[in-house]
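Chains as they are written, first to last, in numbering that gives the first Met the number 0: chain A, 0 to 230; chain B, 0 to 230; chain C, 0 to 229; chain D, 0 to 229.
No lab work stands behind these hints: they were computed from the structure.
All residues carry an ideal CB built from backbone N, CA and C; glycine is no exception.
Hints may contain errors.
[Stated by the list, open to error] Anything over 12 Å on all C-beta distances counts as not near chain D; from chain B, calculated: (1) Ile1; (2) Thr20; (3) Ala29; (4) Ala54; (5) Asp58; (6) Lys68; (7) Arg69; (8) Asp87; (9) Gln102; (10) Arg136; (11) Ala173; (12) Ile186; (13) Val195; (14) Arg214; (15) Lys217.
[Stated by the list, open to error] No more than 30 Å apart at the CA atoms, straight line, and that leaves these computed lysine-lysine pairs for DSSO-like: (16) Lys213(A) to Lys170(D); (17) Lys160(B) to Lys170(C); (18) Lys154(D) to Lys198(D); (19) Lys213(A) to Lys165(D).
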Amino acid sequence: MINKIVASTTEALADVPDGATILIGGFGGAGQPIELVEALIEQGARDLTLVSNNAGNGDTGIAALIAAKRVRKMMCSFPRQPDSWHFDRLYRAGEIELELVPQGNLAERIRAAGAGIGAFFTPTAYGTEIAQGKETREINGRHYVLEYPIHADYALIKAEKGDRWGNLVYRRSARNFNPVMATAARITVATVHEIVELGELDPETVVTPSVYVKRLVKIPKVVRPITALKV
Amino acid sequence: MINKIVASTTEALADVPDGATILIGGFGGAGQPIELVEALIEQGARDLTLVSNNAGNGDTGIAALIAAKRVRKMMCSFPRQPDSWHFDRLYRAGEIELELVPQGNLAERIRAAGAGIGAFFTPTAYGTEIAQGKETREINGRHYVLEYPIHADYALIKAEKGDRWGNLVYRRSARNFNPVMATAARITVATVHEIVELGELDPETVVTPSVYVKRLVKIPKVVRPITALKV
Amino acid sequence: MEQTKTQLREAVMPAAELKWTRAQMAARLASDVQEGTIMNLGVGLPTLVGNHLPKDREILIQVENGILGAGPNAPKGEEDWDLVNAGKQAIQLLPGASLFHHADSFAMMRGGHVDICVIGAYQVALNGDLANWSTGEPGAIPAIGGAMDLAAGAKELWVLMEHSTKSGESKLVERCSYPLTGLACVTRIYSDLAVIALKDGRATVLDIVPGMSFAELQKRTAVPLAQADG
Amino acid sequence: MEQTKTQLREAVMPAAELKWTRAQMAARLASDVQEGTIMNLGVGLPTLVGNHLPKDREILIQVENGILGAGPNAPKGEEDWDLVNAGKQAIQLLPGASLFHHADSFAMMRGGHVDICVIGAYQVALNGDLANWSTGEPGAIPAIGGAMDLAAGAKELWVLMEHSTKSGESKLVERCSYPLTGLACVTRIYSDLAVIALKDGRATVLDIVPGMSFAELQKRTAVPLAQADG
Chain A
0 MINKIVASTT EALADVPDGA TILIGGFGGA GQPIELVEAL IEQGARDLTL VSNNAGNGDT
60 GIAALIAAKR VRKMMCSFPR QPDSWHFDRL YRAGEIELEL VPQGNLAERI RAAGAGIGAF
120 FTPTAYGTEI AQGKETREIN GRHYVLEYPI HADYALIKAE KGDRWGNLVY RRSARNFNPV
180 MATAARITVA TVHEIVELGE LDPETVVTPS VYVKRLVKIP KVVRPITALK V
Chain B
0 MINKIVASTT EALADVPDGA TILIGGFGGA GQPIELVEAL IEQGARDLTL VSNNAGNGDT
60 GIAALIAAKR VRKMMCSFPR QPDSWHFDRL YRAGEIELEL VPQGNLAERI RAAGAGIGAF
120 FTPTAYGTEI AQGKETREIN GRHYVLEYPI HADYALIKAE KGDRWGNLVY RRSARNFNPV
180 MATAARITVA TVHEIVELGE LDPETVVTPS VYVKRLVKIP KVVRPITALK V
Chain C
0 MEQTKTQLRE AVMPAAELKW TRAQMAARLA SDVQEGTIMN LGVGLPTLVG NHLPKDREIL
60 IQVENGILGA GPNAPKGEED WDLVNAGKQA IQLLPGASLF HHADSFAMMR GGHVDICVIG
120 AYQVALNGDL ANWSTGEPGA IPAIGGAMDL AAGAKELWVL MEHSTKSGES KLVERCSYPL
180 TGLACVTRIY SDLAVIALKD GRATVLDIVP GMSFAELQKR TAVPLAQADG
Chain D
0 MEQTKTQLRE AVMPAAELKW TRAQMAARLA SDVQEGTIMN LGVGLPTLVG NHLPKDREIL
60 IQVENGILGA GPNAPKGEED WDLVNAGKQA IQLLPGASLF HHADSFAMMR GGHVDICVIG
120 AYQVALNGDL ANWSTGEPGA IPAIGGAMDL AAGAKELWVL MEHSTKSGES KLVERCSYPL
180 TGLACVTRIY SDLAVIALKD GRATVLDIVP GMSFAELQKR TAVPLAQADG
């Protein structure tokens with residue numbers, strides 16, 4: 000019997016080695032697998048490369064991992080947040096490397112890793128600093144930049160419901176990067192708020208097919224307000 | 000008020016010009032928008048380039064369009080079927096051009112058109128006749144072939160339910176190429192068996208977001224058995 | 000009934016000050032959005048446009064984190080933090096909305112399926128170049144988000160920004176001095192002083208804040224302006 | 000209880016003829032598939048494997064037209080023609096199945112998420128090259144389907160084919176003469192005579208049809224064979 004359910008976030012991340020590349024889902028707080036990030040903090044792996052849209056908020060989650068100096072490199076599209084003080088401080092001190100990736104390139108590079116694409120030409124960032132040193136090409140009168148996949152050792156993602164095979168559904172915009180990241184890692188670990196019997200999820204509405212998930216942990220539902228950007 | 004519903008398949012295809020490139024959904028008969036293909040036959044446009052997984056079955060649908068000599072070029076992965084006699088005959092007579100595209104490249108090239116990707120490196124077909132004359136590259140020890148998007152003037156697709164904005168859901172494996180093709184054409188025309196009120200489709204389970212559909216036609220549900228390949 | 004632009008102007012324009020407020024800028028832009036438009040609103044000032052869209056037109060807001068058909072902000076106390084916009088504010092969905100993942104969302108944007116993107120800017124050049132992600136200051140934390148993808152993918156890029164910097168320099172310039180977000184992508188500027196179309200290296204004034212002359216607008220703008228015909 | 004390979008052999012092997020039937024070939028392959036495997040079964044002979052998978056193991060069949068967790072063929076009269084496999088036969092879904100579109104399906108295949116693909120072949124070369132889509136005959140209608148994608152993407156490619164052509168030539172060859180489907184991709188051959196692993200340019204015999212000697216198998220095979228240790 001296939002059973003990907005593990006008892007705790009601690010057990011789910013026990014084998015993360017130093018130097019691992021880790022995808023972390025979420026867009027700000029929505030869909031961020033904060034319980035897995037907390038378990039990763041406890042677990043102790045160092046010298047990590049994190050790939051996530053933001054570089055942490057406040058003093059918890061990714062921000063706490065960064066504050067603990069466990070992150071060598073951050074790949075993200077939008078590190079600057081009203082409360083990204085831990086990243087800001089280490090970045091200014093030169094203690095954390097930043098690869099700034101436009102958000103769509105981030106999503107597409109992760110997708111490419113999951114989809115077996117070797118590289119792709121994207122119009123995004125052509126003619127900007129971000130494209131400096133990268134291969135470019137004109138195709139049918141438009142200019143493109145060649146971008147490469149982002150493969151990872153682990154993906155930490157947050158979903159709403161799952162089954163023991165690893166099928167997942169998400170909730171509203173908490174979906175964001177999670178389904179894409181699930182495809183691009185050697186080991187995808189998902190948290191869910193509910194584990195249902197095999198066959199309960201409608202095959203038509205499964206968002207992440209079971210093949211992409213290796214470990215599944217049930218966690219309680221806690222509502223966490225999110226820091227909004229100032230308008 | 001946005002209302003993409005049109006009264007008939009005839010009206011939906013009235014403006015198809017000669018020489019158009021047309022994506023046609025379906026995998027064999029499942030999810031094939033046969034009523035739209037029939038309307039296209041009646042409509043009269045000639046010199047068409049069709050993009051579809053197969054090259055027609057029996058004497059109906061794509062096969063009938065081919066038999067009427069309205070197709071200049073066929074792009075597909077699997078033209079050879081037990082009952083693909085019309086394509087077979089014209090192909091052997093040199094009266095129809097064939098671009099044979101591996102099925103995954105077909106899907107990915109159509110996706111690339113919809114997603115604004117200029118070209119991509121795929122491992123599929125490396126070292127085969129299909130890759131002859133194409134650019135290749137070694138990336139991280141694997142060999143890839145450069146493939147380009149397939150943009151189209153029209154996409155003819157079949158869905159199950161839709162609303163007046165153009166949101167669509169599909170039924171079982173009749174989904175196949177349809178959602179991907181919907182993204183890659185200037186004008187996507189969808190048939191549905193049911194038109195529901197705006198808001199009735201659950202936002203979580205919409206497969207084709209409304210933006211990709213230009214015209215929607217309701218058609219009756221007719222069960223058509225499909226010719227299975229011989230085992 | 001739809002308000003005419005003149006009515007809108009009279010209704011919202013204070014007599015004394017020769018510039019549109021932030022709310023008026025957003026309303027002025029919103030009044031130009033046609034029925035059926037697919038729009039993306041950038042973080043910050045552009046988000047305000049959502050509050051001013053004509054109620055009698057169906058306009059679909061696309062949000063980068065996987066939403067088409069976003070509605071207004073959630074009432075206080077009823078926030079669902081699983082449903083947020085690009086600025087991480089809790090929002091609602093309109094009937095007819097759909098949800099999808101990030102790669103599909105940016106495929107939608109990059110693939111040219113968004114009609115209009117409204118975005119803020121540090122500078123816009125006469126040729127449509129956009130600079131909005133970095134002032135290039137040492138020590139500044141850079142952040143791009145979805146701006147470069149939208150610059151490359153949206154059919155029309157409308158910039159909503161103050162006409163001048165705090166120190167009074169024109170933000171519409173001959174050539175951007177700040178790092179670029181995209182090349183030749185801006186098609187229109189909605190500032191606190193004017194609405195300006197950019198096309199083929201020409202800046203054509205479509206509207207000016209009431210009471211300001213074309214000559215005065217030109218004086219405050221670092222590139223030559225043309226008057227719209229008629 | 001799981002059948003051992005020997006029991007299976009005794010149960011299904013007719014005494015007189017020194018080759019496995021098509022059903023036996025499929026069953027022999029199926030007995031090697033482990034719990035939790037994600038499999039794709041090509042059109043034709045490979046489809047039969049689905050009927051012989053060990054009942055006590057959960058094995059997921061991926062189908063190219065957007066199914067993970069495909070079940071057995073639909074009973075006659077209960078066909079749902081919106082639910083078909085690669086051979087366009089009406090099938091059923093297992094509990095735990097999921098449905099997705101074609102680009103996602105081939106992303107799954109190309110991205111290395113399918114553990115084993117079973118496919119037919121005209122020829123397999125000692126180095127693992129596969130030829131299965133064209134005999135190169137003039138006038139033949141070519142057809143590739145998903146074969147090249149699977150050859151490039153599956154972790155393991157198992158070929159299920161007759162050992163020899165109708166005219167008696169070995170289909171395991173030094174070098175394919177037919178047009179290739181993929182380079183160095185086949186890892187195992189299940190023929191009507193033997194099970195052969197291909198690795199680093201060596202063909203190692205894992206099993207032979209009962210009653211046939213290694214020497215006899217070698218005589219019928221155009222490349223040098225090695226015997227498995229133990």
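Against the structure, the hints:
| no. | hint | result |
| --- | --- | --- |
| 1 | Ile1 | holds (24 Å) |
| 2 | Thr20 | holds (18 Å) |
| 3 | Ala29 | violated (5 Å) |
| 4 | Ala54 | violated (8 Å) |
| 5 | Asp58 | holds (17 Å) |
| 6 | Lys68 | holds (18 Å) |
| 7 | Arg69 | holds (20 Å) |
| 8 | Asp87 | violated (5 Å) |
| 9 | Gln102 | violated (4 Å) |
| 10 | Arg136 | holds (14 Å) |
| 11 | Ala173 | violated (4 Å) |
| 12 | Ile186 | holds (20 Å) |
| 13 | Val195 | holds (18 Å) |
| 14 | Arg214 | holds (20 Å) |
| 15 | Lys217 | holds (17 Å) |
| 16 | Lys213(A) to Lys170(D) | violated (38 Å) |
| 17 | Lys160(B) to Lys170(C) | violated (48 Å) |
| 18 | Lys154(D) to Lys198(D) | holds (14 Å) |
| 19 | Lys213(A) to Lys165(D) | violated (45 Å) |
Comparing the model with each earlier hint shows violations of hints 3, 4, 8, 9, 11, 16, 17, 19; every other hint is respected.
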